[in-house]
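Same order as they appear, the protein sequences are chains A and B. So the first sequence is numbered by the working numbering: it starts at 480 and just counts up by one. So the second sequence is numbered by the working numbering: it starts at 19 and just counts up by one.
To be clear, the hints were calculated from the coordinates, so they are not data collected in a lab. Hints are not guaranteed to be accurate.
As the list claims (entries may be wrong) - Here are the simulated lysine-lysine pairs, DSSO-like style, with alpha carbons at most 27 Å apart:
#1 B:82 to B:32
#2 A:524 to A:481
#3 B:59 to A:524
#4 B:82 to A:591
#5 A:591 to B:38
#6 B:38 to A:524
#7 A:591 to A:521
#8 B:59 to A:521
#9 B:84 to B:38
#10 B:38 to B:82
#11 B:59 to A:481
#12 A:591 to A:524
#13 A:558 to A:591
#14 B:84 to B:73
#15 B:59 to B:84
#16 B:82 to B:59
#17 A:558 to B:59
#18 A:591 to B:32
#19 B:38 to B:73
#20 B:59 to B:32
#21 B:59 to B:73
#22 B:82 to A:481
#23 A:521 to B:38
#24 A:521 to A:481
#25 B:32 to A:521
#26 A:521 to A:558
#27 A:524 to A:558
#28 B:84 to B:32
In case you want the letters, here they are:
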Amino acid sequence: RKEVEQDPGPFNVPEGATVAFNCTYSNSASQSFFWYRQDCRKEPKLLMSVYSSGNEDGRFTAQLNRASQYISLLIRDSKLSDSATYLCVVISPYNNAGNMLTFGGGTRLMVKP
Amino acid sequence: GAVVSQHPSWVICKSGTSVKIECRSLDFQATTMFWYRQFPKQSLMLMATSNEGSKATYEQGVEKDKFLINHASLTLSTLTVTSAHPEDSSFYICSAEQSSYEQYFGPGTRLTVT
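In isolation and in its complexed conformation, chain A is listed as follows (with noise of 0.2 Å):
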């Protein structure tokens, strides 16, 4: 079983419409979690932090499960320019020297008109 999973997608969507994407995480001890967006060819930015209480930053809404150990993004109102690669990133104690980030394979959203 992977560390970090994702539904490769494509989720197709419409314009306007309401998505929501999950990432499991296999480590418990995991303490820190993000959403990335990479358009095509293009490196990963920062989309926003996931809080324990869970948070929102206009149309995106973030949540935290530790129970199911699972992170979730929620797309409101989507747009066209959605339209890319989701990853999800786990941060997990490793080793007792440090901590490890683990990328999900990412999860490709198509917004179409």
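For this one, chain A is given, so just place chain B on it according to the hints.
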């Protein structure tokens, strides 16, 4: 803020030559930088963690003698692909850690080895 640059953005080289890629944090100091490789339609694969003033930590399966990493200052890390071969052709991306584990990525370097 939190800008990371990479140079070059695109390079074509002949098989057997070496290529150096620079990663700079422009407006913050980064004790830790990371190097990733990404093949088409695949996710990022961490190659190594670069700590200023110390040896890089390589992920399993990454040859440290082939991918030389030098993190000489708090704003610069370099990755040298030695004796490059066509299978090394990929998109190489660096990132720098600013705070609270937030990663900021460089724009990437597309390497093509002919």
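Hint check:
1. B:82 to B:32: holds, 21 Å
2. A:524 to A:481: holds, 23 Å
3. B:59 to A:524: holds, 17 Å
4. B:82 to A:591: violated, 44 Å
5. A:591 to B:38: violated, 40 Å
6. B:38 to A:524: holds, 24 Å
7. A:591 to A:521: Holds. Residue 591 of chain A to residue 521 of chain A sits at ~21 Å (cutoff 27 Å).
8. B:59 to A:521: It holds: about 12 Å lies between the C-alpha atoms, which stays within 27 Å.
9. B:84 to B:38: holds, 12 Å
10. B:38 to B:82: Holds. Residue 38 of chain B to residue 82 of chain B sits at ~14 Å (cutoff 27 Å).
11. B:59 to A:481: Holds. Residue 59 of chain B to residue 481 of chain A sits at ~18 Å (cutoff 27 Å).
12. A:591 to A:524: holds, 22 Å
13. A:558 to A:591: Holds, because 8 Å separates the two Cα atoms, which is no more than 27 Å.
14. B:84 to B:73: holds, 14 Å
15. B:59 to B:84: holds, 24 Å
16. B:82 to B:59: holds, 25 Å
17. A:558 to B:59: With Cα atoms ~23 Å apart, residue 558 of chain A and residue 59 of chain B stay inside 27 Å; holds.
18. A:591 to B:32: violated, 41 Å
19. B:38 to B:73: holds, 17 Å
20. B:59 to B:32: holds, 24 Å
21. B:59 to B:73: violated, 31 Å
22. B:82 to A:481: holds, 25 Å
23. A:521 to B:38: Cα-Cα ~20 Å, so holds.
24. A:521 to A:481: holds, 24 Å
25. B:32 to A:521: Cα-Cα ~24 Å, so holds.
26. A:521 to A:558: The hint holds at about 19 Å.
27. A:524 to A:558: Satisfied, since the Cα-Cα distance of roughly 18 Å is no more than 27 Å.
28. B:84 to B:32: holds, 16 Å
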